[in-house]
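*Asks:* Read off the chains here:
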Amino acid sequence: MSAIHPPADRLWYKHPIDRVEGTWIAIALIWCIILFVMMTGWHVWGKQNLSTETYRTTPAQFMAKTQAMVDEYTVRTETDEEIPVVAPPPGSDVYLLGRLWSFWPILELEKDKTYRLHITAMDYNHGLSLQPANINIQMVPGFEHVVTVTPNEAGTYSIVCNEYCGIGHHRMVSRLYVK
Amino acid sequence: MSTVATTYRTCPRSGLQFENQAERLIKFNIVAGVLWLAFGGILAIGVVLTRWPAFRWLEADTFYMVLTAHGLDMLIFWLMFFEIAFMYFCASVLLRCRIAAPKVAWLGFALMAIGSILNNVVVFQGSSSVMMTSYVPMMADPNFYLGIILFAVGALLGCAVFFGTLVVARREKTYEGSVPLVTFGGMTAAIIMVFTLLSGAIIIIPAWLMSLGVMNVDPLIYRTVWWALGHSSQQVNVAMHVTVWYFVAAVVLGAKPMSERVSRMAFFLYILFLQLASAHHLLGDPGLSTAWKITNTSYFMYLAVLASMLHGLTVPGAMEVAQRQRGFTKGLFEWLRKAPWGNPVFSAVFISLIGFGFLGGITGVMMGTEQLNLIIHNTIYVPGHFHATVVVGTTLTFMAVIYYLIPVLFKRELIAPTLAKWQPYLFGLSMYFFCLVMMGAGTLGVSRRHWDMAFQGAALAYEWPGAAYLMMALVGIGGIIAIFGGIAFVYIALGSLLWGRKLEPGASSATFTPLERSAPSAAAQTYGSIGFTAPGTFVLAMVFLVAFVVYYFINWKYLSTLWGLS
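Same order as they appear, the protein sequences are chains A and B. Everything in the first sequence is counted per this note's numbering, starting at 354 for the first residue and increasing by one. Everything in the second sequence is counted per this note's numbering, starting at 10 for the first residue and increasing by one.
Please note that a few of the clues may not be correct.
[As the list claims (entries may be wrong)] Across the chosen pairs, the derived CB separations fall in these ranges:
#1 A/G508 <-> B/V130: 46 to 56 Å
#2 A/G394 <-> B/L503: 48 to 58 Å
#3 B/L503 <-> A/G508: 33 to 43 Å
#4 B/R33 <-> A/I386: 43 to 53 Å
[To be verified] Just a few of them, taken from the derived set where beta-carbon distance is under 7 Å, the chain A residues facing chain B:
#5 I357
#6 T410
#7 P412
#8 E516
[Stated by the list, open to error] Partial list, computed: chain B residues near chain A (C-beta under 7 Å):
#9 A69
#10 M310
#11 P514
Source of the hints: derived by calculation from the structure; they are not laboratory data. Where is the CB? At the ideal position from N, CA and C, for every residue including glycine.
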């Protein structure tokens, strides 16, 4: 029972390994390299990479920018709370904030057009979970994360908060339209 | 020779030698761990029946409170108590050495007990439903953090006693040559545990001060450092349960490591690279560079994955070699068919090994890929994955070794041996199912840590696909069956300690018997000189690899259909 006894040979580290292990080490190492190349390579060849463009922000600063967008591009409001639905021009900077317990405002984007989406959390951490596409990004307070998005399918999307943020967490859900 | 007055008992059933103080410390730590497991299991009933959409049993505030406690009690308290116990076992029992500084070890135990109880009391007062992660600026009661700090200091003392015992063993020459492989594995776990606990100190102490209004902690720094505690503690589990796999292979089947060199190198890779995986939780975060994310999330080019793939081969490989020597040489798999499937120590480990690799390992690498994480982050896929690693992998393995230790360490006969025989299948296989359907729900996007997937009271509620509701109902069914499996374990373990027939303790002596080296076996003289010794295991490994490759690329395929993100 040598796993619970000191190795029989003092120079155990000089023993040659057997063929089963040697073959498997080679195969596993190749697979590890493939894994690494895939992840790095996708930054070159792939179209889904999370941007790292980030700025420090404060709730007041971010709210000012979001409000400016809402004032200029609101097309209608929805629900009793009159959440503005905003349709900014393609290519522009669009803003979405998460707070206890709502997302604001509702964005209306155009298919196959690119936008610079700025997101932040105003209080606690929140999660941006775009459904049913299932794209999930963390929203961290104090940080403005700029993600360049290109919606490739028209439809009504939902944005679910998937970072626990307190007792109203399950009510924190909003919409996003792609035309 | 030892100058400290103590006694050594030689167990007649296993030949293991227990030093008096170490024996009591190991017992107390194991019992404390099992009590937390039992309590965390009771909380699991609340979590499961609330997330089962047809029941939604608890109210939202109770649910989040229970979920916070379930996470901490299971992921930290149960596992670390057991790990400290098994570290003492690896050092004191396997090296036949008295435990260094038993008083410090008892102080550590007391701090861990007080800290864990304090933390739970505060959580159940209701003002600290912040989840295990307690992301600032969402604050818990100051005593929530204080409890964790006390527990961590206690565990650090435990690690210090472990390392001290290794030093004493070397100085008093209780063994010759290198430490046994299992002790080496325990040392790996201990090193990672020290890293984990120090990272925890760096961030939980500031969070505690923040809760007292003394200072402010940046949310992103908190997340980054917290995960060096939160994820690394799970890496302690991995290192420790792999260690137990080697231990069980040795004591149940008499298996020898295929080669000391490969197994120890794999443990060494864990020490170097395993903790980098904390980055898995930060892939969706702002502010961290792509280079940082790739370097860390890949465990520096997947070298820790390589290590796990090696252990995944060498543990069953060693079992196969031992079984073949016993004469089970027919075909590829006679060694496996004729394995002691009725012995819960073996069956639990084998179910754990397969489940950890296929369900926990493959999915962990997939979701730890920077881009693929976009379709997984914070969905219920994440708990699906870590129940495969921490419950199927670690908890089931620890259950196995507790079955082994009840007669050997606690000197009691197992009550209900027939139930014990079936328990690993009941618990392990229902957890397989639970993890699979949970990851299925996560693939459809269902959120983790969410009270109501129907979004009660929300004006713009999202309607999850019917399949997501079906998956969550199946999670409920799997979870309830697994809870019965857990109850069976706790009943057998604690029941045996209370009512099990007492067994012969064995001869006691004032000195240790020095540990002899293992008998030399037919070692390879040159590469390949002893042939292809474990063909069955190699075939299993190839099946694993194919599953890995297919699943990995299916996820890339799905990702490529999503919105462009850059």
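*Asks:* Under the constraints set out in the numbered hints, which ones does this structure not fulfil?
*Replies:* Of the numbered hints, 3, 6, 7, 11 do not hold.
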